[in-house]
Amino acid sequence: GAGVSQSPRYKVAKRGQDVALRCDPISGHVSLFWYQQALGQGPEFLTYFQNEAQLDKSGLPSDRFFAERPEGSVSTLKIQRTQQEDSAVYLCASSLEVAAGGGYEQYFGPGTRLTVT
Amino acid sequence: AQSVSQHNHHVILSEAASLELGCNYSYGGTVNLFWYVQYPGQHLQLLLKYFSGDPLVKGIKGFEAEFIKSKFSFNLRKPSVQWSDTAEYFCAVNPSDGGYQKVTFGIGTKLQVIP
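Protein chains in written order, with my numbering: chain A, 88 to 204; chain B, 3 to 117.
Keep in mind that the hints were calculated from the coordinates and are not lab data.
It cannot be assumed that every hint is accurate.
[Stated by the list, open to error] Short derived list, chain A residues pointing at chain B, Cβ under 7 Å:
1) 105
2) 115
3) 128
4) 129
5) 130
6) 132
7) 185
8) 189
9) 190
10) 195
11) 197
[To be verified] Here are a few chain A residues that face chain B, going by a calculated C-beta distance under 8 Å:
12) 135
13) 142
14) 146
15) 150
16) 178
17) 184
18) 186
19) 188
20) 196
[What the hints assert, rightly or not] Once the Cα atoms are required to be at most 27 Å apart in a straight line, the calculated DSSO-like pairs of lysine-lysine come out as:
21) B/71 - B/51
22) B/60 - B/73
23) A/144 - B/51
24) A/101 - A/144
25) B/80 - B/63
26) B/80 - B/112
27) B/71 - B/60
28) A/165 - B/80
29) B/104 - A/144
30) B/112 - B/60
31) A/98 - B/51
32) B/63 - B/112
Beta carbons are placed, not taken as given, at the ideal position from N, Cα and C, and that holds for glycine.
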């Protein structure tokens, strides 16, 4: 079956430009997550959606980062006025559910590699 | 807040050697634990998970991990590695003491298996 897809796969932006990154989760997956992975680091949590509700945005590094999932399926991560420190791979993951004990298996997309020049 | 430490950032082994990758977490309560793997050119995928029950967890491709609560550890093991195990391995944790909580990943360990 289809996995999580992300587009574009690569994005080069000049400093100060706005970018929009798209994530198509696995059909039927209620939960959607965005992560930022800098070179040589593990994924760092950005934000979490349950259906269309953004329940956790504690990881968004600044108010230049904004995410939405208006119909509870596709999600967009927008970065305004990009800075060089925003250069990273942005990963999207989806999950069918969060278990009673808070555990959930995440299915990751291929990521979008953002380079800010 | 929770944190994860992976002790070895780069490991090189010959085929058939045994593997143990260290993972320690910091959190005062109960946790869910994960190992994710990223093979070259592929997506990050789940290798195995511990939510509750038997602390010895078996995953795909012959991997296993043991949760030792007293040591706050969840080390990954495989008795005999293959060249196809070359990948980056991430340990991850999230608290299990109440509904949704975010997952925190370690820095990752790159494993290179030499034929």
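Interface hint status, residue 185 of chain A versus chain B (Cβ within 7 Å):
holds, 5 Å
Just to be careful, I want the Cα atoms of residue 71 of chain B and residue 60 of chain B compared with a cutoff of 27 Å; is the pair within it?
Roughly 17 Å between the alpha carbons, so the hint for residue 71 of chain B and residue 60 of chain B holds.
Restraint: residue 135 of chain A near chain B, CB-CB cut 8 Å. Satisfied or not?
Status holds, d = 7 Å.
Could you grab the alpha-carbon distance between residue 80 of chain B and residue 63 of chain B and see if it respects the 27 Å cut-off?
holds, 9 Å
Measure nothing beyond the straight line between the CA atoms of residue 63 of chain B and residue 112 of chain B; if it is 27 Å or shorter, mark the hint as holding.
holds, 17 Å
Does residue 115 of chain A hold up as a contact with chain B if the rule is Cβ-Cβ below 7 Å?
Hint violated; residue 115 of chain A Cβ to chain B Cβ min 18 Å, cut 7 Å.
Could you check if residue 105 of chain A really has its C-beta closer than 7 Å to a C-beta on chain B?
Nearest chain B Cβ about 26 Å off; hint violated.
Does residue 60 of chain B pair with residue 73 of chain B here, judged by a C-alpha cut-off of 27 Å?
holds, 20 Å
So if I understand the rule, the pair passes when the alpha-carbon distance is 27 Å or less; does residue 101 of chain A with residue 144 of chain A pass?
holds, 26 Å
Pair hint outcome, residue 112 of chain B versus residue 60 of chain B [Cα-Cα no greater than 27 Å]:
With a Cα-Cα distance of about 21 Å, the restraint between residue 112 of chain B and residue 60 of chain B holds, given a limit of 27 Å.
Would you settle whether the hint for residue 150 of chain A is holds or violated, based on the nearest Cβ-Cβ distance to chain B being less than 8 Å?
With a minimum Cβ separation of about 19 Å from chain B (threshold 8 Å), the hint on residue 150 of chain A is violated.
Per-residue hint verdict: residue 196 of chain A, partner chain B, C-beta under 8 Å:
holds, 6 Å
Of the numbered hints stated above, those contradicted by the structure are hints 1, 2, 15, 17, 28, 31, listed in ascending order.
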